[in-house]
Amino acid sequence: MTFRKQQSVYTVAQAIDKAAKYCALQDRCQHDVRNKMMQWGLNHAEADEALVWLITEGFVNDERFTRAFVIGKLRQNGWGRGKIVQGLKAKNISEQCIQLGFEEIDEEEYIRLMENQANKKWNLLKEDLHTKVQKTARFLLGRGFESNLVWDIVNKLKDGKSRTV
1 MTFRKQQSVY TVAQAIDKAA KYCALQDRCQ HDVRNKMMQW GLNHAEADEA LVWLITEGFV
61 NDERFTRAFV IGKLRQNGWG RGKIVQGLKA KNISEQCIQL GFEEIDEEEY IRLMENQANK
121 KWNLLKEDLH TKVQKTARFL LGRGFESNLV WDIVNKLKDG KSRTV
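By the working numbering, the letter at position 68 of the sequence shown is numbered 68, and the numbering carries on one by one without gaps.
Rather than coming from a laboratory, the hints here were simulated on the basis of the structure. None of these values were measured; they are calculated from a predicted model. Possibly wrong hints are sitting among the right ones.
Mimicking DSSO-like on lysine-lysine, the simulated pairs with C-alpha atoms at most 30 Å apart in a straight line are [as the list claims (entries may be wrong)]:
1. 156 <-> 121
2. 121 <-> 135
3. 73 <-> 89
Pair ranges (Cβ atoms, derived) [unchecked claim]:
4. 52 <-> 77: 29 to 37 Å
5. 86 <-> 109: 16 to 24 Å
6. 82 <-> 159: 20 to 28 Å
7. 123 <-> 12: 50 to 58 Å
8. 124 <-> 49: 49 to 57 Å
9. 94 <-> 125: 36 to 44 Å
10. 155 <-> 12: 26 to 34 Å
For each residue, glycine too, the CB sits at the ideal point set by N, CA and C.
Whole structure, please, built from the sequences with the hints as guidance.
Next comes the structure, spelled out in structure tokens:
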């Protein structure tokens with residue numbers, strides 16, 4: 001498979017204008033904006049030039065993006081910290097920004113959300129106790145929740161001590 005160099009469709013000034021509108025719709029990270037500009041046909045140098053302007057003017061801010069990403073994925077998608085970290089690392093977000101984003105997580109809300117997901121999964125399953133334990137734990141681990149928290153909640157469910165949804 002051969003790749004042809006795409007002809008630049010936009011000048012840097014046009015790309016900046018278009019990218020500013022793109023960033024105004026929702027928070028974006030540098031990685032996403034750079035990729036979008038590359039799709040528009042800008043080369044690396046042009047995309048970097050435009051990105052510097054967008055960062056300077058506040059259109060792109062990885063810390064702000066990370067905070068919004070963490071809260072959105074937690075509340076809307078029900079992701080745990082592990083899956084959130086994977087998503088952020090896929091966007092080349094720094095460890096420092098990830099830690100700042102995690103400051104947005106209220107620990108009680110996090111546990112409550114995990115318990116609610118565990119209860120829903122547990123109540124859907126009609127298998128024997130051992131299978132329910134395994135499937136519920138696997139489900140929560142797949143959502144990115146920490147194994148020590150998962151096993152605490154699953155053991156409470158198994159013993160009948162969990163809170164209801």
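Hint-by-hint comparison with the structure:
{"no.": "1", "hint": "156 <-> 121", "result": "holds, 14 Å"}
{"no.": "2", "hint": "121 <-> 135", "result": "holds, 8 Å"}
{"no.": "3", "hint": "73 <-> 89", "result": "holds, 14 Å"}
{"no.": "4", "hint": "52 <-> 77: 29 to 37 Å", "result": "holds, 32 Å"}
{"no.": "5", "hint": "86 <-> 109: 16 to 24 Å", "result": "holds, 21 Å"}
{"no.": "6", "hint": "82 <-> 159: 20 to 28 Å", "result": "holds, 25 Å"}
{"no.": "7", "hint": "123 <-> 12: 50 to 58 Å", "result": "holds, 56 Å"}
{"no.": "8", "hint": "124 <-> 49: 49 to 57 Å", "result": "holds, 52 Å"}
{"no.": "9", "hint": "94 <-> 125: 36 to 44 Å", "result": "holds, 40 Å"}
{"no.": "10", "hint": "155 <-> 12: 26 to 34 Å", "result": "violated, 58 Å"}
Violated hint for the displayed structure: number 10, the only one.
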